[in-house]
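> Given the structure of chain W, go ahead and fit chain F onto it with the hints provided.
There are 2 protein chains.
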Amino acid sequence: MKTGLSQDAARIQAHFDTVLTAFGTGAVAQGMGYATRGGKRIRGFLVLETARLHDVDGARALWPACGIEALHAYSLVHDDLPAMDDDDLRRGQPTVHVKWDEATAVLVGDALQSLAFELVTHPEGAERADIRADLALSLARAAGGQGMVLGQALDIAAETAPIPLTLEEITTLQAGKTGALITWAATAGARMGAGDLEPLTRYSKALGLAFQIQDDVIDVTGDAATVGKAVGKDAAAGKATFVSLLGLDGARAEARSLVDAACDALSCYGDKADTLQQLARFVISRQT
Amino acid sequence: MKTGLSQDAARIQAHFDTVLTAFGTGAVAQGMGYATRGGKRIRGFLVLETARLHDVDGARALWPACGIEALHAYSLVHDDLPAMDDDDLRRGQPTVHVKWDEATAVLVGDALQSLAFELVTHPEGAERADIRADLALSLARAAGGQGMVLGQALDIAAETAPIPLTLEEITTLQAGKTGALITWAATAGARMGAGDLEPLTRYSKALGLAFQIQDDVIDVTGDAATVGKAVGKDAAAGKATFVSLLGLDGARAEARSLVDAACDALSCYGDKADTLQQLARFVISRQT
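From first to last, the protein sequence lines are chains W and F. Be aware that the first sequence starts at 0, since it is given in numbering that gives the first Met the number 0, and climbs by one per residue. Be aware that the second sequence starts at 0, since it is given in numbering that gives the first Met the number 0, and climbs by one per residue.
One chain only, chain W, in its complex shape:
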């Protein structure tokens, strides 16, 4: 799985390098390249892997794979802004507003969101136009004020709320903030192959929540040098997290149980889903 992940990450990077040449050499174009470099590429990998599962041509799947990575990169650039999480470090490198300035970071994020929709509707991506339109519509819903942005807004509101969130509230928050894009990525292959979205939806909902629980675990157990970004921020801010609500052992047990549920959801695919099941196990073993 790790070989597949790194091979796919290299293909995604090469595709970004090609696509971004059209954007010139100005500060925004540079920032777009910078912000889309590195990272684990889990969302792009989910697109490519679920496309394989549905016998979709890999070269075509690369377009929505880069699309979801562009969308994810935009969300990180804006999330790191001083008015938002105010982070100086991302993937071990200065964040975009630190390396350039805030105005450039706003524009880089904005341009990356547009790029995401350009990539998922590109005619060299999904062969059928109805599928390209569907990829864009579903991505818009996953990214916007009923999906990721709603989760981010709930997260910000939680910081100043008089009482910490409950487990139910934090689950809703995370279903938007990280879950919506992961579900989009994991169902993209089924969309491209005009297959049933249900098994991959179940898989990705459990995976997305496990992913976020592990993020909370890493925030407590990791160190900044290994993780590549600031850690311990949530605990220091007194924010409710899965760890504060369930305890460290409880959070880890919940993540394991979600990973089991994610793997079970793929039983209809048989051996073909081995890699996606390994990915689910990787999600809770990772330390960054």
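Simulated from the structure, these hints should not be mistaken for laboratory data. Note that beta-carbon positions come from the ideal geometry of N, C-alpha and C, so glycine has one too. Possibly wrong hints are sitting among the right ones.
Okay, the calculated bits of chain W under chain F, using three or more residues with CB under 8 Å as the criterion [said to hold, decoys possible]: (1) 18 to 32; (2) 75 to 86; (3) 89 to 102; (4) 138 to 144; (5) 147 to 161.
Across the chosen pairs, the derived CB separations fall in these ranges [to be verified]: (6) W/G91 / F/T171: 33 to 39 Å; (7) W/D87 / F/T171: 30 to 36 Å; (8) W/A58 / F/G237: 49 to 55 Å; (9) F/K39 / W/D85: 32 to 38 Å; (10) W/L196 / F/P93: 39 to 45 Å; (11) F/D129 / W/T20: 23 to 29 Å; (12) F/A9 / W/A13: 48 to 54 Å.
Same frame as chain W, but now just chain F:
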């Protein structure tokens, strides 16, 4: 034309009111409603009017009309941020980051961009899926780092440039910053009706430039109370504008000549294009 513009503006507003109920009552949803209220609706009107020209059903055209207005509204919310133009007033009202805060303004803009793509790919919009995919792809290109955002970045760079821009540079800048969305809006009807984009492209390129020249004229001749936002900022900052480069009379003459060219481009449509020709004349007569 003015009656048509205000009737269409009312239809656009009513459609936003309906669409936005799905987003709940949180700060981001409130901000989305606030930021999409008011304005001249010229871009939405262009979609509806060019759809009429191509015999496209008006109820369907309302979806991309609101889409381009959502995109435009997002660009204003982000443009007004302290790190960007730092404006407190927009359409005579406090800007989103003044009424709420910067984090909310970033998220409201982000959610409005997603909403734009949701609206242009909505199945109740363009009937054919290939046209919906094409509307999204062309909008992504017009909005992103090769279109509007590129123009905004050039505009910011111009503020700190050692020498003022030339007429050619400022024309390139404006072709991105305001021209790209106006051209998308004015060709949307032809896209929806699967017609020739060329006459409306020529019309909108001349119209967009005339629009921007008139904006520069208003920045010099208008007062903040009438215009609804700060004026005289460009001149005070020593920025090159069409007025500083051509003089007030020269800028007005250039705008008139562009409006003539815009009207000529529509001759193939005969009387059916009367309203669009009136719109072009309105653009250079407006004082706000």
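> All hints are to be evaluated individually against the structure, with a verdict given for each.
Results for each hint:
Figure legend: the stretch 18 to 32 of chain W, annotated as covered by chain F; annotation consistent (8 residues with Cβ-Cβ distances under 8 Å, at least 3 required). For the stretch 75 to 86 of chain W, the stated coverage by chain F is satisfied: 4 residues place a CB nearer than 8 Å to a CB of that chain, which reaches the threshold of 3. Under the rule that three or more residues need a Cβ within less than 8 Å of chain F, the assignment of the stretch 89 to 102 of chain W holds, with 3 such residues. Coverage of the stretch 138 to 144 of chain W by chain F holds [criterion: at least 3 residues with CB-CB distance below 8 Å; count 6].
A count of 7 residues in the stretch 147 to 161 of chain W with a Cβ less than 8 Å from any Cβ of chain F is obtained; the coverage claim is therefore met, three being the minimum. Separated by about 37 Å at the C-beta atoms, W/G91 and F/T171 satisfy the suggested range of 33 to 39 Å. Checked against the given bound of 30 to 36 Å, the beta carbons of W/D87 and F/T171, roughly 34 Å apart, stay inside it. Between W/A58 and F/G237 the beta carbon distance is about 51 Å. The supplied range of 49 to 55 Å therefore holds.
The hinted window of 32 to 38 Å between F/K39 and W/D85 holds, with their beta carbons roughly 36 Å apart. For W/L196 and F/P93, the Cβ-Cβ distance of about 43 Å falls inside the hinted range of 39 to 45 Å, so the restraint holds. Range check, F/D129 to W/T20: about 27 Å between beta-carbon atoms, so the 23 to 29 Å window is met. For F/A9 and W/A13, the Cβ-Cβ distance of about 50 Å falls inside the hinted range of 48 to 54 Å, so the restraint holds.
Comparing the model with each earlier hint shows no violations; every hint is respected.
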